[in-house]
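Asks: Residue numbers (this note's numbering), protein chains in the order written: chain F, 1 to 131; chain Y, 1 to 543.
Check the hints yourself; a few may be wrong.
Partner residues are not named here, just some residues of chain Y that face chain F (Cβ under 7 angstroms, in silico) [as the list claims (entries may be wrong)]:
(1) V36
(2) A396
(3) N397
(4) S537
Now the stretches of chain F that chain Y is said to cover, found in silico as 3 or more residues with beta-carbon under 8 angstroms [to be verified]:
(5) 90 to 97
(6) 101 to 112
(7) 119 to 126
Label pairs and their in silico Cβ distance ranges [what the hints assert, rightly or not]:
(8) G219/Y - N66/F: 53 to 63 angstroms
(9) R539/Y - T23/F: 51 to 61 angstroms
(10) G62/F - K346/Y: 36 to 46 angstroms
(11) E307/Y - G62/F: 50 to 60 angstroms
(12) Y77/F - D144/Y: 52 to 62 angstroms
(13) R539/Y - G33/F: 41 to 51 angstroms
(14) E65/Y - G33/F: 48 to 58 angstroms
(15) T23/F - N397/Y: 49 to 59 angstroms
(16) N141/Y - N66/F: 26 to 36 angstroms
(17) V290/Y - Y77/F: 48 to 58 angstroms
(18) G41/F - G219/Y: 17 to 27 angstroms
(19) D117/Y - K131/F: 43 to 53 angstroms
(20) G33/F - P238/Y: 48 to 58 angstroms
Derived from the structure by calculation, the hints contain no laboratory data.
Remember, it's a predicted structure, so these values are computed and weren't measured experimentally.
Glycine is no exception: its CB is placed at the ideal position from the N, C-alpha and C atoms.
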Amino acid sequence: MIGKLGLVGLVLAGIATAAVAATPIQPRARLPGDPPAGASGAALVQHGDHAFQYYCAPCHGGFEKNLPGTHALAVKYKGERPALLEERTDLTPEFVTYIVRHGIEGMPQFRKVELSDANLAAIGAYLSKSK
Amino acid sequence: MTVLPPGVSARTFAAAVNAFKGIVGDQWVFTSDDDVFTYRDPYSILWDTDEERVPSGAVAPASVEQVQQVVRAANKYKVPLYPISTGRNLSYGGSAPNQRGSMVLDLKRMNKIIKVDDYRNFCLVEPGVTYFDLYNYVQDNKLDVWVDLPDPGWGSPIGNALDHGIGYQFAAYRDHFGAHCGMEVVLPNGELVRTGMGALPGSDTWQDFKYGTGPMVDGLFAQGNFGIVTKMGFHMMPAPEAFLGGMMYVPKHADIVHLVKVVNALEDQGLIGMPVWSSPVRNASFRNGVPDPDLVKLMADGWPSVERIEEYVAKKGVPAYGVRLQLYGPRKTIEGTWEYAQRKLKALVPGATFEEIAREDMPPSQELVDKLGHHYFGVPSLAIFSMVSRNEQNAANPPDGHNNNAAILPRTGEALMNFGKCVMEAYQSVGEKQTVSPFTTPITWHPRVFFAGPGVRISREDKEHNKRQREIYHALVNKFAEYGYVDYRTSPTYQDLIVSKYSFNNHSLRRLHETIKDAVDPNGIISPGRYGIYPKSQRTNRV
Chain F
1 MIGKLGLVGL VLAGIATAAV AATPIQPRAR LPGDPPAGAS GAALVQHGDH AFQYYCAPCH
61 GGFEKNLPGT HALAVKYKGE RPALLEERTD LTPEFVTYIV RHGIEGMPQF RKVELSDANL
121 AAIGAYLSKS K
Chain Y
1 MTVLPPGVSA RTFAAAVNAF KGIVGDQWVF TSDDDVFTYR DPYSILWDTD EERVPSGAVA
61 PASVEQVQQV VRAANKYKVP LYPISTGRNL SYGGSAPNQR GSMVLDLKRM NKIIKVDDYR
121 NFCLVEPGVT YFDLYNYVQD NKLDVWVDLP DPGWGSPIGN ALDHGIGYQF AAYRDHFGAH
181 CGMEVVLPNG ELVRTGMGAL PGSDTWQDFK YGTGPMVDGL FAQGNFGIVT KMGFHMMPAP
241 EAFLGGMMYV PKHADIVHLV KVVNALEDQG LIGMPVWSSP VRNASFRNGV PDPDLVKLMA
301 DGWPSVERIE EYVAKKGVPA YGVRLQLYGP RKTIEGTWEY AQRKLKALVP GATFEEIARE
361 DMPPSQELVD KLGHHYFGVP SLAIFSMVSR NEQNAANPPD GHNNNAAILP RTGEALMNFG
421 KCVMEAYQSV GEKQTVSPFT TPITWHPRVF FAGPGVRISR EDKEHNKRQR EIYHALVNKF
481 AEYGYVDYRT SPTYQDLIVS KYSFNNHSLR RLHETIKDAV DPNGIISPGR YGIYPKSQRT
541 NRV
């Protein structure tokens with residue numbers, strides 16, 4: 001529970017019935033392997049896109065409403081910067097690597113065994129590509 | 001700087017690291033400061049203190065054989081191992097060990113989905129598989145089963161089950177350890193064991209019949225430190241035809257007794273998934289976590305009488321409690337169950353009201369999971385982090401994490417009506433001035449009990465804040481114990497405290513665990529201190 005009674009008693013109340021169009025569930029990205037050895041340029045960026053969708057988009061994507069990373073950055077930046085990482089133009093591979101390996105606020109750090117240096121480099125390349 | 005295991009010299013530790021490298025390869029042993037940092041628990045309330053459970057390093061095997069070899073080397077050098085699956089047990093310790101200086105045994109590389117069977121409805125997986133991966137496998141192979149998963153879904157079915165984790169569907173599936181069937185375990189001496197029918201060569205029923213013959217030992221490997229689970233099977237639910245979501249509301253505070261009785265009967269007949277409890281009057285009593293003046297006044301003079309609470313509810317003009325029933329199954333069956341549920345409650349509480357909020361053929365639509373929550377439909381997501389990451393309510397001071405604190409309550413309305421008093425007394429015992437709501441809404445993660453309790457927020461900047469939150473956590477647990485409650489699962493920080501409360505007959509259960517520990521792990525190699533179980537040489541270390 002987030003209020004005075006803590007995390008365990010979160011309430012979902014007052015949900016109104018509404019007529020909705022049925023959209024299939026948005027698919028989840030599949031586990032990527034490492035990028036091919038020596039990958040660079042567009043190939044590295046393309047691989048980074050795949051790796052981002054698997055490792056990052058569940059929090060930082062825009063494929064569903066109010067994903068927590070995207071929402072947290074919207075609250076933090078109040079429109080001064082895009083809430084979606086994929087729309088940012090100020091990210092560098094070094095900054096991405098630092099945040100991923102150290103975590104920030106509620107976001108935990110990621111280990112090499114779960115997210116390899118090679119995939120992290122690809123994600124950095126993807127997020128820092130010219131837009 | 002490396003934090004060494006207790007009693008292990010730098011020279012011996014270096015020799016152990018070399019042995020581990022020889023088994024798994026240099027690149028899969030991690031001892032640099034940067035790498036060790038990634039294994040720290042980011043939600044540790046002991047962050048950056050001398051008590052923080054920092055590991056000495058990590059070793060990541062790729063196979064069962066490598067796990068066995070690592071265990072044998074650990075015995076040789078007396079270096080304790082702390083196995084993790086995906087390391088995402090956040091709020092309960094994450095990837096950090098129980099004991100400072102342990103070597104994390106990172107099983108993430110062992111990520112094979114060995115089998116998903118939608119004829120007999122089970123799966124068999126390795127520890128590094130995530131719920132996302134298992135869901136994707138089911139989708140890719142068009143299998144006719146659902147994954148019962150926790151929120152968030154990036155954890156491991158094995159890791160979650162081994163900490164008695166939970167999901168959200170029918171009782172038979174959402175108790176994840178209860179839904180397991182068959183294990184493969186590396187024992188502390190490196191020997192490999194398969195439980196249940198896995199012990200019978202040629203058997204094809206390892207994931208169908210968990211008992212085999214003789215004593216069932218599987219429970220020793222959950223919240224324990226008697227072995228390393230390298231494979232585990234789980235029963236899975238056949239994909240249901242349809243879903244119906246229905247809200248039932250009761251007007252008065254004391255009506256919760258009747259509402260719980262009806263829901264218990266539905267649950268125990270296997271007619272509903274996890275009921276989702278709510279309190280409209282409590283929602284109307286807080287704005288952004290701040291109690292309104294009427295509630296402050298109600299609670300100002302100690303715990304109010306039921307009559308005063310009823311007057312308060314009547315004044316607010318909204319129902320005291322609600323519950324969302326989650327009905328999965330054949331269309332006509334769930335429609336009939338919904339009619340039955342309304343009839344049963346109406347007979348006990350004539351003023352009860354009802355609202356059907358969703359009815360849809362499965363698989364669920366994106367709109368449905370957005371509205372009610374992914375986890376109720378077996379769709380993995382991390383959306384739950386919105387509750388605890390930066391949001392509109394905490395924007396001025398976002399938390400760096402939290403520690404859950406879920407006491408086990410009897411599944412009665414009376415327990416809910418009194419639980420707030422227990423919380424209030426705990427806060428008062430440490431001078432904490434918080435207005436506690438008398439309207440407790442539980443979680444029924446494990447089907448036969450209620451869970452409730454306030455968690456605490458942690459900060460990676462403010463040690464004094466963490467110290468105070470730790471005092472509050474201890475006060476809550478101590479008070480819970482006076483009422484006969486106490487937690488089902490907790491971070492290593494509090495495990496000694498929690499286990500100390502399970503003290504029947506001079507802690508005979510803990511002493512039994514210790515007897516087993518001495519027999520199967522005399523060197524104390526596997527997770528020393530896990531849930532209060534220490535090897536003989538370390539039993540004075542309890543905190």
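Asks: Hint by hint, say whether it matches the structure.
Replies: How the hints compare with the structure:
Of the supplied interface hints, the one on V36/Y is violated, with its beta-carbon coming no nearer than about 10 angstroms to a beta-carbon of chain F, more than 7 angstroms. The interface hint given for A396/Y is violated, since its Cβ lies 10 angstroms from the closest Cβ of chain F, which is over the 7 angstroms cut-off. Residue-level restraint check for N397/Y is violated (minimum Cβ-Cβ distance to chain F is 11 angstroms; threshold 7 angstroms). The beta carbon of S537/Y is not positioned within 7 angstroms of any beta carbon in chain F (closest approach about 30 angstroms), and the interface hint is therefore violated.
Evaluation of the coverage hint for the segment 90 to 97 of chain F: breached, as 0 residues show C-beta separations to chain Y shorter than 8 angstroms, against a requirement of three. A count of 11 residues in the segment 101 to 112 of chain F with a Cβ less than 8 angstroms from any Cβ of chain Y is obtained; the coverage claim is therefore met, three being the minimum. With 0 residues having a beta carbon nearer than 8 angstroms to a beta carbon of chain Y, the segment 119 to 126 of chain F misses the requirement of three or more and the stated coverage is violated. A hinted range of 53 to 63 angstroms is violated for the C-beta pair G219/Y and N66/F, which are about 39 angstroms apart.
For the pair R539/Y and T23/F, the supplied restraint of 51 to 61 angstroms holds, since their beta-carbon distance comes to about 57 angstroms. As the Cβ distance of G62/F to K346/Y is approximately 44 angstroms, the hint placing it in 36 to 46 angstroms holds. For the pair E307/Y and G62/F, the supplied restraint of 50 to 60 angstroms holds, since their beta-carbon distance comes to about 51 angstroms. For Y77/F paired with D144/Y, a C-beta distance near 44 angstroms fails the hint of 52 to 62 angstroms.
Distance hint check: the CB atoms of R539/Y and G33/F are about 46 angstroms apart, consistent with the given range 41 to 51 angstroms. For the pair E65/Y and G33/F, the beta carbons lie near 23 angstroms from each other, so the given range of 48 to 58 angstroms is not met. Separation of T23/F from N397/Y is about 37 angstroms and departs from the stated range, judged on CB atoms against 49 to 59 angstroms. Taking the beta carbon of each, N141/Y and N66/F are about 30 angstroms apart, inside 26 to 36 angstroms as hinted.
For the pair V290/Y and Y77/F, the supplied restraint of 48 to 58 angstroms is violated, since their beta-carbon distance comes to about 25 angstroms. The given range of 17 to 27 angstroms is broken by G41/F and G219/Y, whose C-beta atoms sit roughly 54 angstroms from each other. For the pair D117/Y and K131/F, the supplied restraint of 43 to 53 angstroms holds, since their beta-carbon distance comes to about 46 angstroms. At about 32 angstroms, the beta-carbon gap between G33/F and P238/Y misses the expected band of 48 to 58 angstroms.
Violated hints for the displayed structure, listed by number in ascending order: 1, 2, 3, 4, 5, 7, 8, 12, 14, 15, 17, 18 and 20.
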